[in-house]
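Number of protein chains: 2
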Amino acid sequence: MKTDIAIAQANQAAPIETIAAKLGLTAAEIEPYGHDKAKLPGATLAKLRQRPLGKLVLVTSINPTPAGEGKSTVTVGLADALNQSHHSAVIALREPSLGPVMGMKGGATGGGYAQVVPMADINLHFTGDMHALTAANNTLAALIDNHLHQGNQLNLDPKRIRWPRALDINDRALRETIIGLGKPANGQMRSASFQITVASEMMAILCLAHDLTDLKKRLNQILIGYTYQRQPVFVADLGVAGALTVLLKDALWPNLVQTLEQTPAIIHGGPFANIAHGCNSILATEAALHAGEYAITEAGFGADLGAEKFLDIVTPQLPKAPDVIVVVATIRALKYNGGQPLADLDHENLAALRQGYQNLQRHLRNMQRYQIPVVASINQFATDTSAELTLLQDLIAADHVDSALTSVFADGGKGGLALADLVVTAAQRPATYQRLYQDSADVVTKLTTIAQKIYGAAAVELTPTAQRQLRQLRKFGWENLPVCIAKTQYSFSDDPKALGAPSGFTLTIRELIPKLGAGFIVAMAGNILTMPGLPAHPAAEKIDIDADGQITGLS
Amino acid sequence: MKTDIAIAQANQAAPIETIAAKLGLTAAEIEPYGHDKAKLPGATLAKLRQRPLGKLVLVTSINPTPAGEGKSTVTVGLADALNQSHHSAVIALREPSLGPVMGMKGGATGGGYAQVVPMADINLHFTGDMHALTAANNTLAALIDNHLHQGNQLNLDPKRIRWPRALDINDRALRETIIGLGKPANGQMRSASFQITVASEMMAILCLAHDLTDLKKRLNQILIGYTYQRQPVFVADLGVAGALTVLLKDALWPNLVQTLEQTPAIIHGGPFANIAHGCNSILATEAALHAGEYAITEAGFGADLGAEKFLDIVTPQLPKAPDVIVVVATIRALKYNGGQPLADLDHENLAALRQGYQNLQRHLRNMQRYQIPVVASINQFATDTSAELTLLQDLIAADHVDSALTSVFADGGKGGLALADLVVTAAQRPATYQRLYQDSADVVTKLTTIAQKIYGAAAVELTPTAQRQLRQLRKFGWENLPVCIAKTQYSFSDDPKALGAPSGFTLTIRELIPKLGAGFIVAMAGNILTMPGLPAHPAAEKIDIDADGQITGLS
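Quick note, the sequences are listed as chains A and B, same order.
Here the first sequence is numbered in this note's numbering, starting from 1 and rising by one per residue.
Here the second sequence is numbered in this note's numbering, starting from 1 and rising by one per residue.
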């Protein structure tokens with residue numbers, strides 16, 4: 001089979017105006033970026049908002065493994081399949097981060113014959129949203145350090161500044177730095193850190209903002225640090241939220257592209273789900289909901305991270321909750337969860353599959369807690385045996401969940417027709433969305449609820465640092481916000497090696513970080529890096545381009 | 001009079017396809033970015049290259065003063081005037097840097113009724129070129145630090161790494177930093193610095209590259225540092241030039257916009273002229289030359305910096321040398337050069353004007369050395385008296401240079417008609433471009449030639465550091481490159497306070513830095529900051545946007 005980029009390059013994309021027309025939009029109502037990408041500006045979103053809401057389908061998965069699950073691929077293939085079945089479907093997806101593209105993970109535009117295009121552009125600079133976020137993030141950082149340098153009228157304690165700089169690059173050397181060295185004109189010396197842009201509060205804010213006014217309000221609310229008297233200082237105190245909003249004025253609007261089968265795809269915002277909330281922007285999901293009969297969206301990593309956050313943090317900001325949840329699993333990944341070594345995954349192993357099924361089972365049950373219909377997608381690999389497929393189908397059926405085989409990587413939308421049928425049927429069933437917790441609960445209750453009901457933990461423990469931060473949250477009245485747990489994506493627990501369905505463990509919360517602009521409290525469960533590193537042989541070593549602009553090595 | 005942004009917002013721009021049609025290009029031959037911006041991709045440049053070359057007009061000025069000169073305004077107004085006079089003119093300009101937009105300087109899109117639009121977009125993210133450069137710059141930096149971390153196979157000396165990180169932000173706190181602090185996984189600890197993106201070698205490379213192949217070649221040639229054995233290490237040794245070229249694949253192509261009078265403007269690349277070579281990309285100038293009867297381009301700061309570099313570094317890369325050079329001056333700025341205090345510039349002062357004229361005089365004579373016809377633009381202010389205007393016209397005439405009054409800020413192209421007439425006449429005169437020096441000369445000879453013939457210096461002195469660097473340049477055979485002197489823009493000399501036409505001074509060169517990708521040697525004359533700072537009250541405090549996206553406070 002051809003590489004992803006070869007398939008994408010061989011594809012003849014429709015002009016973006018043709019895709020816009022599928023949404024009932026004229027060429028004047030979109031802002032083109034090249035001939036195959038466009039933004040949907042505010043006035044166009046307002047127009048879409050006049051239309052009725054479609055059905056919302058959330059695609060999530062088991063915990064990710066090195067074996068691969070294909071969640072984005074299923075998201076794309078499912079939408080293509082729905083369109084093949086004469087149900088108009090529109091995709092809402094996250095934007096890829098450039099750091100992993102140059103590092104190890106590769107892009108995030110699906111794969112095989114279930115891709116969004118232009119694949120290379122989307123994985124590179126796309127329409128510049130990430131860069132605008134980086135610029136806004138670092139302009140604010142420069143304004144803060146300049147404030148210190150110019151007399152520090154706000155009395156900010158340089159040791160209590162809580163606004164890191166950001167780059168959309170995997171750069172381990174910037175995790176901990178000292179800045180402001182040298183002459184007095186070089187500003188105040190202090191320790192400072194850099195995050196990857198997708199982990200930044202700016203990204204979370206962009207993904208949760210409803211319009212320019214809400215965006216500016218959230219930017220004003222950003223906590224930038226504390227005074228020497230330990231009083232909080234906000235962007236509003238610096239008076240620069242207007243300028244930051246100006247920097248994000250285009251990035252706020254969702255981007256329109258298409259799949260290989262010309263299904264409209266709205267791609268916008270891309271926080272990681274292990275260190276952030278992991279879902280595309282609410283404006284993208286909302287636009288997709290108004291633009292088609294089905295809006296298909298995806299949450300990052302496993303359902304313990306992305307879907308939980310989609311349902312408890314994002315959904316309250318959306319016009320409606322999901323009508324169906326699709327949980328993606330593969331035989332290979334379940335066998336890996338069941339203890340079969342990576343190198344042996346090509347061999348049939350029913351015992352490992354049965355053991356590893358516990359991971360999928362818990363995710364299915366977790367999703368059912370939200371009282372939304374759940375279906376399973378068994379994403380096929382050529383190495384899956386018929387005995388394995390039968391076993392897995394039986395196991396899922398025993399849990400009273402419908403499942404469908406998908407082969408969208410190899411077959412495109414055709415490989416998702418059975419899943420599409422299941423989804424259409426499930427979407428007729430009643431969905432009575434029930435949130436896991438109320439924002440008004442205290443923070444420990446909220447954390448314990450997620451840890452026990454979703455992760456299978458016995459208890460939650462706060463380190464002394466987290467306890468101190470909790471007292472501070474209470475003191476300043478910031479407790480009534482949803483919690484965003486930063487946790488390893490590889491396990492239900494905070495131990496990345498605990499595969500399957502661990503239980504009885506204690507989840508340790510090391511830090512509680514108020515993100516007042518985003519409107520949630522980040523709880524760090526484990527040592528989660530907010531700035532990834534590059535591997536010994538980065539993908540950048542293999543990426544190339546010829547004299548005619550033909551790219552190779554991008555995946 | 002209305003503010004620049006109010007004028008720009010009130011303007012009804014033509015669809016960018018209409019502007020492209022003026023260049024004989026179809027909608028399919030441009031890559032739109034919104035409805036009023038576009039890129040001219042490689043295939044389109046190749047098509048333009050089939051056409052004959054127009055006349056090239058270089059706009060430069062006296063040394064900048066706080067009084068204002070209006071060079072970009074004259075550049076825009078002159079092109080508008082030529083079009084009003086039925087000579088097709090196309091502008092080639094630099095892209096603004098975001099750092100100064102948020103800081104003090106404001107944008108760089110002209111002013112009043114001589115502006116390029118969309119003013120706000122061009123001053124903000126435009127088509128993302130700056131951000132692509134920042135990303136490529138910092139991806140390379142991360143790859144270098146990752147190489148150290150992953151075993152340092154190339155034996156790079158961390159103390160001799162010569163590749164700074166970059167942000168398009170005025171951030172003084174990043175001038176000197178220590179990175180790689182903390183745990184072993186955070187990489188190698190070392191001192192490191194950040195530049196503003198427009199000062200980076202990436203920017204210079206983009207502006208001097210002829211096509212994707214040349215771009216990749218230049219990226220391969222970048223010197224990233226030295227081994228412990230003091231041998232040079234290049235990007236080619238890291239094997240990542242392909243990936244960096246991919247990151248710049250769109251940024252390489254020039255951007256098309258328009259003036260308020262719908263004159264086509266090709267805006268691309270934006271190195272500062274005090275710390276870099278200060279001219280828009282050669283691809284932009286070349287496209288303008290093939291697209292119109294007249295290509296009007298501008299070089300940064302005064303003619304001692306921008307024009308010298310345009311003529312000695314850039315012109316050898318262009319298909320032709322300038323046919324006319326326009327030197328812009330204002331009565332106010334010349335009086336300031338003649339010693340009149342800033343607060344008193346509204347008052348007539350013929351003696352100060354006569355004294356300050358020496359600055360313009362030397363710039364005019366310098367430009368004549370290149371054997372290209374030179375004309376002067378007296379850019380009018382309301383406070384200029386008729387006695388002052390008469391005196392200045394007489395002084396210029398006594399130097400056998402033609403001059404014209406311009407009032408393009410207030411009147412648009414109509415205010416540049418007299419200058420347009422002069423330019424058309426001058427363009428008929430023979431231009432026998434004579435470069436100031438040959439690349440094959442030794443570095444000290446090249447520096448001395450510029451310092452004596454352009455700056456009026458008596459001699460050039462190299463600090464011990466520069467002398468050591470000179471020996472290194474010789475040892476590695478890098479001496480046969482043009483020199484790019486980094487010097488204050490406020491004076492012919494290296495003393496920013498020496499206004500007028502200082503002479504007899506010694507120019508001190510503190511450092512000689514090989515930029516092997518750009519293909520020149522940077523000579524640091526004075527302590528030139530490559531990362532600006534923000535003022536006590538940054539422009540960001542005044543910039544705002546309302547619920548409908550209307551921006552205020554951008555200038």
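A couple of the hints might just be wrong.
It does not matter which identical chain is used: a pair holds within one copy or between any two.
As the list claims (entries may be wrong) - The calculated EDC-like cross-link candidates involving lysine to aspartate or glutamate, where the alpha carbons are at most 16 Å apart (straight line), are:
1) K475 <-> D442
2) K47 <-> D495
3) K159 <-> D442
4) K414 <-> D402
5) K217 <-> D548
6) K47 <-> D211
7) K217 <-> D237
8) K217 <-> D544
9) K475 <-> D121
10) K2 <-> D411
11) K453 <-> D402
Rather than coming from a laboratory, the hints here were simulated on the basis of the structure.
### Query
So which of those numbered hints doesn't the model satisfy?
Hints 2, 3, 4, 9 and 11 not satisfied by this model.
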